[in-house]
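Participant: Sequence:
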Amino acid sequence: PASQSATQSTTTPVPQKDFWKQVSVPKFEQWLRSSGIRLEDFGVALALDPTGARGLVATRPFREGVTVLSVPMSNFALSAASLLEKSATIQRNLSAIPTFDDVRREMTVFSVRDPILLQQMYLAVLLAAERYEAAVVPSSSAAKQYGPYFDVLPHPAVNDAVVMGLHKDVLDPMQLMEWDDHQRVFLTVCRHLHEVWVARSKSSSAAAYSGDRSSSSRASGGGGAAPSAVVPPVEVLYWAFRTVISRMHLLPDRGLAPPASHTTPTNRTLTLNYESYAALKAISENESFFQRSVSKFKGLFGTREDRDVGLGASDFRLVPTLVPLIDFCGHVSSSNVSVEVQPRPEVGSCVELQAVSPIAKGETIGMCLNRSQSIAFTLYRFGFLPV
Numbered sequence: 021p022a023s024q025s026a027t028q029s030t031t032t033p034v035p036q037k038d039f040w041k042q043v044s045v046p047k048f049e050q051w052l053r054s055s056g057i058r059l060e061d062f063g064v065a066l067a068l069d070p071t072g073a074r075g076l077v078a079t080r081p082f083r084e085g086v087t088v089l090s091v092p093m094s095n096f097a098l099s100a101a102s103l104l105e106k107s108a109t110i111q112r113n114l115s116a117i118p119t120f121d122d123v124r125r126e127m128t129v130f131s132v133r134d135p136i137l138l139q140q141m142y143l144a145v146l147l148a149a150e151r152y153e154a155a156v157v158p159s160s161s162a163a164k165q166y167g168p169y170f171d172v173l174p175h176p177a178v179n180d181a182v183v184m185g186l187h188k189d190v191l192d193p194m195q196l197m198e199w200d201d202h203q204r205v206f207l208t209v210c211r212h213l214h215e216v217w218v219a220r221s222k223s224s225s226a227a228a229y230s231g232d233r234s235s236s237s238r239a240s241g242g243g244g245a246a247p248s249a250v251v252p253p254v255e256v257l258y259w260a261f262r263t264v265i266s267r268m269h270l271l272p273d274r275g276l277a278p279p280a281s282h283t284t285p286t287n288r289t290l291t292l293n294y295e296s297y298a299a300l301k302a303i304s305e306n307e308s309f310f311q312r313s314v315s316k317f318k319g320l321f322g323t324r325e326d327r328d329v330g331l332g333a334s335d336f337r338l339v340p341t342l343v344p345l346i347d348f349c350g351h352v353s354s355s356n357v358s359v360e361v362q363p364r365p366e367v368g369s370c371v372e373l374q375a376v377s378p379i380a381k382g383e384t385i386g387m388c389l390n391r392s393q394s395i396a397f398t399l400y401r402f403g404f405l406p407v
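First residue of the sequence shown: 21, per our numbering; consecutive thereafter.
Read the hints as simulated data drawn from the structure, not as lab findings. Small disclaimer: the values here were computed from a predicted structure and weren't measured. Be aware that a few hints might be false.
[Stated by the list, open to error] Here are the computed lysine-lysine pairs in the DSS-like style, where the Cα-Cα straight-line distance is at most 30 Å: (1) 164 x 47; (2) 47 x 381; (3) 106 x 47; (4) 106 x 222; (5) 222 x 164; (6) 164 x 106.
Kindly generate the complete structure, drawing on both the sequences and the hints.
Facilitator: Structure, rendered in structure tokens:
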């Protein structure tokens, strides 16, 4: 039966218990404060529970239109470009880490060609490298830069056993089969990418060992063991993918934010707003990723004439991005905040939550997550069905 298949044939891999650290909210808050973010100054508090549910709660009232939370992209945003540029772990192991072309090839085998999904999987590959280094080498730059954030994220990213226990009786057989297919396809892709990673790591290690041994032998006549290349387990790679698809926002590539305003020859002021969860269906209706960005946000970018006078849409290409705190903003049936990117003095581009309606003290801060995709994929992505 389909229900049996959905619960038994593709079980989400769970890493060894001793790999994941205990969630430390105080350590996470201390990490935020060390980078200049004090939640109490914004009037926001974390509301996490043992099941891994995200949550932000207002500790004071907010008026419509005010900034609820602001997070500098330069310090906190994790995109493929930022990790490639800043991560010492990734730069050191770049020759072994699967490339975007590897991701595209493996995904295409299963007829997955959507550019956003391809970029999500590539971000997951890089995230897995950074997360694993942070866990196994506590003194590493990855641990210092992102360790407290990684430790507070839920593991597994989505508890599929619990999800199916709650929803399998309300899904029809075709929906259960589709959910099972998502598990099978993306887990298989992760396994194939992991095999590529292992093979290249062995090749890189052998080449490095050969060179080192040759130098060492000439100097001392000795040998030695080949260095062991560190590759994240496939479970960590799959965790990273599920984390990315459930928590990412589509934000400007390389953290570029538009000017706070842009005055056109017709004296109209243009700003950009990014409500990425609601954007995916509209974005996917166009042919290319560049066209997707322009089409979805054409009312925000302005007319072609507007773009010709300097507000270039290519400067604001949208890519999957994780932003600590912003990704804790949970689902509510009616959004009380939107996600925006604004330039701020001294800190540069910031991802911000802006109140779109009055928020009372003690109220959950959230937005209506994407409900435009199929029920099965929405359940696979978020672990619940937005209503």
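Participant: Decide, hint by hint, whether the structure agrees.
Facilitator: Going down the list of hints, with the structure as the test:
{"no.": "1", "hint": "164 x 47", "verdict": "holds (12 Å)"}
{"no.": "2", "hint": "47 x 381", "verdict": "holds (25 Å)"}
{"no.": "3", "hint": "106 x 47", "verdict": "holds (23 Å)"}
{"no.": "4", "hint": "106 x 222", "verdict": "holds (25 Å)"}
{"no.": "5", "hint": "222 x 164", "verdict": "holds (27 Å)"}
{"no.": "6", "hint": "164 x 106", "verdict": "holds (13 Å)"}
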